[in-house]
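Take these sequences, add in the hints, and give me the full structure.
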Amino acid sequence: MINAFVDGATQHTGLQEHQLHPDDIDYVVSTHGHSDHLGNNNLFLRAKRHIVGTNISHRNRYYVHDFDAGK
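Mapping the sequence shown onto full-length UniProt numbering, position 17 (from 1) lands on 17, and the numbers just tick up by one.
Please keep in mind that the hints were generated in silico from the structure rather than gathered at the bench. Take the hints with a grain of salt, since some may be wrong.
[To be verified] Pair ranges (Cβ atoms, derived):
#	residue 1	residue 2	range
1	19	40	13 to 23 Å
2	49	18	34 to 44 Å
3	34	14	12 to 22 Å
4	48	18	15 to 25 Å
5	63	16	14 to 24 Å
6	40	60	16 to 26 Å
The beta-carbon is built from N, C-alpha and C at its ideal position, and this holds for glycine as well.
Spelled out as structure tokens, the structure:
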């Protein structure tokens, strides 16, 4: 099973409802880079990927989608 979490600013209630902990989350998806959507993403340190809008980060790498680069 893959556990994904979308728009993490209010994460505690949603995780508790599903008996999950931040370490259980594999993918963190924020629909865009505003603080009310990516707040608390720092709690998901064990996630395999963090995706913000169309950008993807993995450890120390950050991939910008061509749409965001103006291409």
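Hint check:
Between residue 19 and residue 40 the CB atoms are about 18 Å apart, so this pair conforms to the stated range of 13 to 23 Å. Under the hint 34 to 44 Å, the C-beta atoms of residue 49 and residue 18, about 20 Å apart, miss the expected range. For residue 34 and residue 14, the hinted distance range of 12 to 22 Å is satisfied, since their beta carbons lie about 18 Å from each other. The hinted range of 15 to 25 Å is satisfied by residue 48 and residue 18, whose Cβ atoms lie roughly 18 Å apart.
One distance hint, 14 to 24 Å for the beta-carbon pair residue 63 and residue 16, is violated here, with the actual separation near 32 Å. About 21 Å separates the C-beta atoms of residue 40 and residue 60, a value consistent with the hinted range of 16 to 26 Å.
Figure legend: structure checked against the earlier numbered hints; hints not met, in rising order: 2 and 5.
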